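Generate coordinates for the entire structure from the input sequences, incorporating the hints supplied.
There are 2 protein chains.
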Amino acid sequence: MAVYTVIEDGELADFLGLYDLGQLLSFQGIAEGVENSNFLLRTERANYILTLYEKRVNEADLPFFLGLMGHLGAAGLSCPLPVADQKGRVLGRCAGRPAAIVSFLNGTSAAYPGTAKCQALGRALAQLHEAASDFSLTRPNALGPESWPGLLASVDRDPADLPAGLRAAAAEKLGEILASWPDGLPEGIIHADLFPNNVLFVGDQLTGLIDFYFACRDILSLDLAICLNSWCFEPDGSFNITKSRALLAGYESVRKLSAEETAALPVLCAGAAMRFFLTRLYDWLNTPEGALVKPLNPMDYWAKLRFHAHASGPQAYGIGL
Amino acid sequence: MAVYTVIEDGELADFLGLYDLGQLLSFQGIAEGVENSNFLLRTERANYILTLYEKRVNEADLPFFLGLMGHLGAAGLSCPLPVADQKGRVLGRCAGRPAAIVSFLNGTSAAYPGTAKCQALGRALAQLHEAASDFSLTRPNALGPESWPGLLASVDRDPADLPAGLRAAAAEKLGEILASWPDGLPEGIIHADLFPNNVLFVGDQLTGLIDFYFACRDILSLDLAICLNSWCFEPDGSFNITKSRALLAGYESVRKLSAEETAALPVLCAGAAMRFFLTRLYDWLNTPEGALVKPLNPMDYWAKLRFHAHASGPQAYGIGL
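Sequence order for the protein chains is A and B. Numbered by numbering that gives the first Met the number 0, the letters in the first sequence go through residues 0 to 320 in order. Numbered by numbering that gives the first Met the number 0, the letters in the second sequence go through residues 0 to 320 in order.
Calculated from the structure, these hints are not laboratory results. All values reported here derive from a predicted model rather than from experimental measurement. The hints are all genuine.
Pairs count within a copy or across copies, as identical chains cannot be separated in the list.
Capping the alpha-carbon separation at 25 Å, the derived lysine to any residue pairs in SDA-like fashion look like this:
{"id": "1", "residue 1": "K54", "residue 2": "K293"}
{"id": "2", "residue 1": "K293", "residue 2": "G149"}
{"id": "3", "residue 1": "K293", "residue 2": "E10"}
{"id": "4", "residue 1": "K293", "residue 2": "L39"}
{"id": "5", "residue 1": "K293", "residue 2": "G9"}
{"id": "6", "residue 1": "K293", "residue 2": "L11"}
{"id": "7", "residue 1": "K255", "residue 2": "D203"}
{"id": "8", "residue 1": "K293", "residue 2": "E7"}
{"id": "9", "residue 1": "K255", "residue 2": "R122"}
{"id": "10", "residue 1": "K86", "residue 2": "G66"}
{"id": "11", "residue 1": "K293", "residue 2": "E53"}
This is the structure we're talking about:
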């Protein structure tokens, strides 16, 4: 739940005056997203999202994020398209914050997407990887494997409300993951945060990929691992291999995985689970009580980590070598 | 900023299944309104607002509020129209809360509306009063003059961050207002909270009156007084008689004020200011620190009260006897 910055009437009018969107019909803050302030903007021309970038997003990264969305959109992917102002700029300032207007996408996200949606997501993810391959800008993964030991070290005590000895157990698992981290797998631009809440559907038809604010360069199949973690576990914690098989089949219908990528799936999935476990563990300890955004329990990702550590091989995900 | 209740996918699908709105295209929590949870619902048919009523609204009052909106809409007023489900019911339950779907209105609200908007507001207010005159349900004004002494008594100390002796000064003013409170003025259904944020415009054209959750039966021109207070003072605290004249002229273009109503304007305005001063004073003392909704400073309404106490007569509002 967000909307951190309030926009005054005059500021909005001044900002919209730089664009060519027609008469404003309605304007509402959206109670979604935790990084930025988002507003639904309806004009006689179309619906748009106005985003004000809050402090958690590095302003220097915005040309990469907005450029990537524009590039993917031009390649036919359904993602928010940055709208240029009358001078051709896609990044401006409003209410003292960096601001951009993007196209509005139809669709709603599903908390627990079914098999058909998993297949569609796999296909779209591969299309994203293919379409981004000739994008000229790049951005390192600030939350890649190199960052994980430091992240764990920054958690200076075991949270009282989580199992005792959690940090020591995590350090051991992290050592194992880094020791077997794959080398030489195909890299490219990945979304890096393609959770179900960032994918829109109308019925089972995928209508949009959103929230590119973690996109970066890393191993392509790490993105697949992030999706397997966030799309294929059931509410009871069990892994749904039918959904996983569908997601991977969808992906491979566009981009075939090499034998090396397939073989690396268990460790990539474990690493992806470690990354989200660590950031959630950090937030769990460091979010003040009563904060607007409640921290997510890191133990969900600890359970996924354990699943991957015990996976017999890629066949545990419904894919052969 | 609101959205208190989270709706799960299944709950939303079940609830929408009772209606006949076509395929869902998008669904977003709106960061507006402090009483209820509001969601923008777009389907292939139209845009709607889904409201979940939170604890501050008395469930027994909902048939009155929804019935009033339906009645006013049928009379041609631009207000949210309750949408009936397949069984003809406008009030249902979703995510454990009373819930209703209403039509979406175009327009944005202005923090400081200009003269043309004030005139349009006056006209719409009179139309509301006329259209509601044959509405069959009623509801007493829980925040009418009878409630003010009790409200003041419930403030058990002077807030440390407001002028000393504030409660004693308020008790004196309140005594004066109640002693000269008019008798026998025309009564009817009033909106009772028609602040600028509850009125939508596209350009200067009024496109909607919203938020009927304080509507009740009381003196009609008390509604006018509430609007004079919330629409005609400038940011610097000065009263803008040009806006006031326009608001009153707009009102009288539809419904003429009697000599008694006109003469009573200063005391009605003082009473209306007292009502908002008192509820804001109460909230100022009783809102926990760090609450989602910051309390409004009651001193703004204290300043309006002082203006009305010194008004020479209705001519101070730009209207003759």
